[in-house]
Structure formats: structure tokens, C-alpha cells
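**Student:** So the sequences go chain by chain: Y and R. The first sequence begins at 1 in this note's numbering and counts up by one. The second sequence begins at 1001 in this note's numbering and counts up by one.
Some hints here could point you the wrong way.
Away from chain Y, derived, C-beta distances all over 12 angstroms, residues of chain R [to be verified]:
hint, residue
1, 1084
2, 1145
3, 1175
4, 1185
5, 1187
6, 1193
7, 1336
8, 1355
9, 1366
To be clear about the criterion: a stretch of chain Y counts as covered by chain R if any three or more of its residues have a C-beta under 8 angstroms from a C-beta of chain R, and this derived list gives those stretches [as the list claims (entries may be wrong)]:
hint, region
10, 111-120
11, 129-140
12, 220-229
The set of hints was computed from the structure by calculation and includes no laboratory data. Please read all numbers here as calculations on a predicted model, not as lab measurements. Glycine residues also receive a C-beta, built at the ideal position from the N, C-alpha and C atoms.
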Amino acid sequence: MSEVKTKNKFADMIRSFGLPRLIIAGFLLLLFIAAPFTGVNLGTQITNTINRFSWNAVLVLAMVPMVHSGCGLNFGLPLGIISGLLGATISMEMGFSGPVSFIMAALIATPFALIFGSGYGTLLNKIKGGEMMIATYVGFSAVSVMCIMWLLLPYHSPNMVWGMAGKGLRTTISLEGYYDKALANFLQIRLGSLVIPTGSLLFFALLAFLMWAFLHTKTGTAMTAVGSNPTFARAAGINVDKIRMLSVVMSTWLAAIGILVYEQGFGFVQLYNAPFTMALPAVSAILIGGATVNKASITNVIIGTFLFQGIVTMTPTVMNAIIRMDMSEVIRIIVSNGMILYALTRKSEVTKR
Amino acid sequence: MKKNSFNLGEFLKNNSVPIMFIVICSICIPLAGYSPAYLLNEIVTRMGRNIFLILSLLIPIMAGMGLNFGMTLGAMAGEIALIFVADLQIWGIPGIVLAMIISIPFSVMLGLLCGKILNMAKGREMVTSYIISYFINGVYQLVVLYMMGALIPIAHSTIKLPRGYGIRNTVSLLSMRQSLDNALAIRVFGAKIPLLTFAIIALMCLGIIWFRRTKLGQDMRAVGQDMEVARDAGINVERTRLISIVISTVLAGFGMIIYLQNMGNMSTYSSHTQIGMFCIAALLVGGASVDKASIGNVFLGVILFHLMFIVAPNAGAKITGDSMIGEYFRVFVSYGVITLALVMYEVKKRRAKAGMGRQLAAEQQMEGKNED
Chain Y
1 MSEVKTKNKF ADMIRSFGLP RLIIAGFLLL LFIAAPFTGV NLGTQITNTI NRFSWNAVLV
61 LAMVPMVHSG CGLNFGLPLG IISGLLGATI SMEMGFSGPV SFIMAALIAT PFALIFGSGY
121 GTLLNKIKGG EMMIATYVGF SAVSVMCIMW LLLPYHSPNM VWGMAGKGLR TTISLEGYYD
181 KALANFLQIR LGSLVIPTGS LLFFALLAFL MWAFLHTKTG TAMTAVGSNP TFARAAGINV
241 DKIRMLSVVM STWLAAIGIL VYEQGFGFVQ LYNAPFTMAL PAVSAILIGG ATVNKASITN
301 VIIGTFLFQG IVTMTPTVMN AIIRMDMSEV IRIIVSNGMI LYALTRKSEV TKR
Chain R
1001 MKKNSFNLGE FLKNNSVPIM FIVICSICIP LAGYSPAYLL NEIVTRMGRN IFLILSLLIP
1061 IMAGMGLNFG MTLGAMAGEI ALIFVADLQI WGIPGIVLAM IISIPFSVML GLLCGKILNM
1121 AKGREMVTSY IISYFINGVY QLVVLYMMGA LIPIAHSTIK LPRGYGIRNT VSLLSMRQSL
1181 DNALAIRVFG AKIPLLTFAI IALMCLGIIW FRRTKLGQDM RAVGQDMEVA RDAGINVERT
1241 RLISIVISTV LAGFGMIIYL QNMGNMSTYS SHTQIGMFCI AALLVGGASV DKASIGNVFL
1301 GVILFHLMFI VAPNAGAKIT GDSMIGEYFR VFVSYGVITL ALVMYEVKKR RAKAGMGRQL
1361 AAEQQMEGKN ED
């Protein structure tokens, strides 16, 4: 570790930015530079990257409150996603269509998110220190319970249930006629092959601004205090458990809204096993953006989502064009999980407990 | 472990998970409608298949590193070894033995890596080992899907993808299918009992019991109790933890080979992904906790967990008319049991900490009084 001590400004800068982040940013830059030479349409690629950014950004934003209050990375994201899915399916079952169904889905998802979130928060308050592992398995358990529920709950809308049996929801439900691109088509900008989903970006900007504003209120500052030093926060008269609970509920609600935004961009509702795999990409995105296990900002969310989604969209096409081999899936697994490992093993954060 | 008096409430509380499972199984078995002979046969088969894998979890628990989700690494090492052996076309028991030998360097390498990383993440070993298993899965895919056949020579096209490199989705192990299990099998009440596999398992159990009494085993227990105290006692904590993970990974590699020779074929990219979860769930069903697990827990766990696994789909279909419900139910139970065990462990840890604080305060008060 001694060779790091060179008093080089450049080295300092790299260290503050984090080496893995630099490698990932450099890799993405390289992909963008290489793209035109390989015959890949750069406009389409940038459109895809922005699109995917707009789908995922809210899910990544959902990480922020829990990181701030010291609950660690929210591996329990699937719980919020399930609230969102319940909102989406119930809104469709009730016969809402068009953009209205999006608003209704968000409204219906909210009470579920509040109920699940407060249960989850109560649990996490009982097990301070072991949040991340338990969050993972709470998420998994919830997803597998819902697998049973999707089959048993009395849904009847012919657009959602299996045609033959007439009951039980399908694994993927098309949102055509419902809220497909409800946000993305709002004020959409087209410049040749470049298409910008302004509505989705504005929606994210609104939520991100609200989050930023919240973190600067008295409660928000208290949340940061709880995260950075719970003992000090308690001494200052802050009700630690209550603040943590609030952060968990916020995180769960944002995840519920996040999955709705994701679906409106993607055009499909994915049920059953799909939420299992949705926590890790969001976790690694915020870490790539420069967050640590107990520090995260809105900037981290934006940079991280852009870098992560950039790599996810660019690697398959560019790599395919260069070496005729689709290694994108493997690269994605290694990059995202490597990033989480890096964050978990950094010494400075381990001192927290 | 002294039992001064039998306390029913305490007994129920400490064994709530196994008791819950006995209840679930006793409801599901009559509903599923399987014959006892069939059930016995299935259970014995699954015991032979899984116990060795689960035994690999015991040593890290002893060293206080919690449930080793990184056992998947060993499973991957075992699979790589099996690919090579399948390519060399060495069949039967020699093939299995060779696969075990080949798996050792891979397991040791991965175990060292895993142990090093876990030493950097003390206090959150479980979540870290869980992420490591995903990370190494990516590396495994990189090696098996892109390098094998391209950089690493693979001779036989039967296990290669048609494009010329990468391994097929399933590798047939027909040539060594159950050769270990059939070697000394006897039939009791229509159930095949694979004596050789059980003999290996028994040997392994004896090995673990012996290991607990060695200096290293004692060190591990000391590290598991309290790292700081162990360090003051002159134990090299990092090294001890590293060794425990390496041993676990190597054993998991062997276990995976035993598991796959029983299955008879290997899904190259998915056999290992769920194995850690099922093994951990089985161990916990047997009444183990994050910081305490015995060989008895392993056996009880395998029997109860797999009994549930066998009967759940049919019982679910009988109750709800949909066989998928039972499938999802058993997945839920696996996750639920792990969640429950983790929560109970953390709550207990916090309570113990609070209790210690109270004791300390009381002692100080006593001292204060004595001074008066």
C-alpha cells in the first residue's frame, strides 16, 4: 500500500474517483469511439443508452434513502418492485387504459409500498448490522410468495391471464393500450436517429430533485446523521429507528414507482421470477456512480446509471461488430458483481460497525 | 452443552424450524400419495447425493464466518474438473477419482481468492461470499463458454458447441453415471442403498470430528468465538479463516462431483447456481444456525428438506389443482427458511450484546457499591 503515497495530484484524483470507476468509464468511452468505425450507428446507440437510462434511473434512485440512513445497499429492492407490480396489474384489472392507467398504477402501488415498506423497516430495525444479507433473502422470499399469488389471485382481465385456463397471470403482459411509453412519448424529441424520451427524463428529474430537496430538509439531514454516526444521532435526540423506518419506506416506494417507469419504457410487465434479478443491476449501478456502502448522492445515481446502462447497451453491438462474439452477458456479470465486491471490501466502510 | 433440566418451551424455541418442517411434511405426505417404498428410495438417493456437499458448509461456520455462500466456487471447480475428465474419456470410478484430483488445484485457487476477499470484509462475510459466487460465475462462464476449445484444448466435439469453442449446455456423464452409487449397492425394502457413497460420507464425518480436535480445529473455534481474543492468544486469525474457506471449497468440489455422478448429466451453466442455496436451506432445516451446526443437523436437514421437496409439487396440486403452486411453494420455503435463520441469528446476536451491556452496567454498579 506504500506506493500509493506518491504525492502526485493525478494519482490523488484517480484515488478519489476510484480505479474501477475509471476503468469502466474508460471502457465505455472506448466503446463510443470504436462504434463509428465498426459500422454501428452511433445515433441509435446513444438513443438506446438514453432510453435504458430513463427506464432504470428511478430504480437506482431508490437506493439513496437507505444508504443515507445507514441501512446499506437495498438488496431488498424486489419487495418494492412487487408493490409496483401489484399496482400495475390491479390498475389494468380495473379497466384503466392509456396514460391514466400509469397514474392509477402508481396510486394503487403506494399503499402496498407503504405497508410492505413498514413491515420491512420494522424487521431491519431489529437486525441492525445484518441488513444486506437479510434484505436479499426478504426480497427473494417475497418474490417467491408472489409467484404463488400471481397464480391464485382472482385476476380476470383477458389481456393478462392465460388464455386456456382463464386464470393465473401470464409471465409477461404487454402494455399496449395501457401505459406503454406513457412518459416517454410526452414531449419526445426526434433528431434523425436520435430519439430522446423527454417525459421519462423529466419524471426522473422531478423525483431526483424531490429527493435532493428532501435530503436538505431537517428530516433529511437527520437521516444522513443516522447513517454516518448512529450513536451521535441518538445523542442529538434523533429517533434512529423512526428515521431508518422512513428511509426504508421511501426506498420501497421509489422501487415501486421505478418498476412502473421501467415497464412503460420496456412495454411489458414481467411477473413471476423476473424481480429476482432486478436488485443487483441497480445496486451495482449506484456503486459504479461513486457511491459507497454508506454514502450516495443524486450525482452518483445519474453517473452510475449512465455508465452501467451504457455498457449494457454498447457492449453487445460493438463487441459483436469487432470480434463476432457476444460476450456482453459475461462482461455485465463480471463488471456489476465485481463493483459490488469492491464496495463491500473497502476498509474505510468496514469501520462503521 | 450441558442439559441441566429439560425445558419444553426452550426446546420448542430452539428447534422451531425442524418441528415446523416435520409438521409440513406430515401434512403433505398423505396428500401427495406416494408409496413409502418410493419415498424411502428417493430419500436415500438424495442423501447420498447431497450430504457431502452440505458437510462442506460446517467448517466455515465453525470459524465464525457464517454460511459459506461461496461453496458455489467449489461446485464450479468440480464442474471444470468433470469437463476435463469427460474430455479425457476416463470412465467409471477412476474418472470420478481423477475428477476429484483435478478439482483440487481449482478449488484451492478459488478458495484462496474467496478467503482473501472475505478477510477484507470482516463482519459481512455472508453477503460478500454471496456476491463472490455471482462474480466467479461470470468468470466461470468466460472460461467455459469462450476459452474452452479456443485457448484451452478440448478434444471431443461431443462436449463442444457446434461453433467450435465453448462447452455445450449439458455435458453427458453417462459413462460415470452412478458408478460410485452402484459399486456396493444393496437393496433394502426396494430401496437402493449406495453403501460406498455412504461409506465416503461416514469417513468424511469422522474426518470432521477428528478435525475439530486438532490444533487447527481448536484455533478455528477460538476465531469463531472471538477474533480479538484469538488474536491476543497468538492465533493467526487471517490464516485460520483462509484455511477454513479453502477446506470448504475443496470439499464442495468433491461434493459436487458426487452430486453430478448421481445425476448422470451436468447442466454446464446452471447446475451450480442454485446448489448453494439448496444446501444452506437444507442445513438450516436440520436445526443449524448461522453460528452453530453439527453433523446431526446435516442428516436431519437433508431428510426433512428433501422430503418436503419430493412431496410438495404433488401435495400442492392436490390442494389447489395447479402443480406449479407446489413448485413455487418449495422455492418459497427454501428462501423463507434462510431468511428466518438469518433473522433469528441477528436478533440473538443483538440480544446477547444488549445483555452483555446490562451485565457490565450491573457489575459496575456492584463495584460502585462495594467501594461505598
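**Student:** Now tell me, hint by hint, if it's right for this structure.
**Tutor:** For each hint, the structure was consulted:
1. 1084: holds, 21 angstroms
2. 1145: violated, 7 angstroms
3. 1175: With a cut-off of 12 angstroms, residue 1175 of chain R remains clear of chain Y, as the shortest Cβ separation is near 30 angstroms.
4. 1185: holds, 36 angstroms
5. 1187: Residue 1187 of chain R clear of chain Y: closest Cβ-Cβ about 37 angstroms, beyond 12 angstroms.
6. 1193: Holds: least Cβ distance 34 angstroms, greater than 12 angstroms.
7. 1336: Residue 1336 of chain R not clear of chain Y: closest Cβ-Cβ about 5 angstroms, inside 12 angstroms.
8. 1355: holds, 15 angstroms
9. 1366: Non-interface label stands for residue 1366 of chain R: nearest chain Y Cβ at 26 angstroms, farther than 12 angstroms.
10. 111-120: n = 0 at 8 angstroms, threshold three: violated.
11. 129-140: Contact hint for the region 129-140 of chain Y vs chain R: holds, 9 residues under 8 angstroms.
12. 220-229: Our answer is that it is violated, as 0 residues pass the Cβ test (under 8 angstroms) against chain R, missing three.
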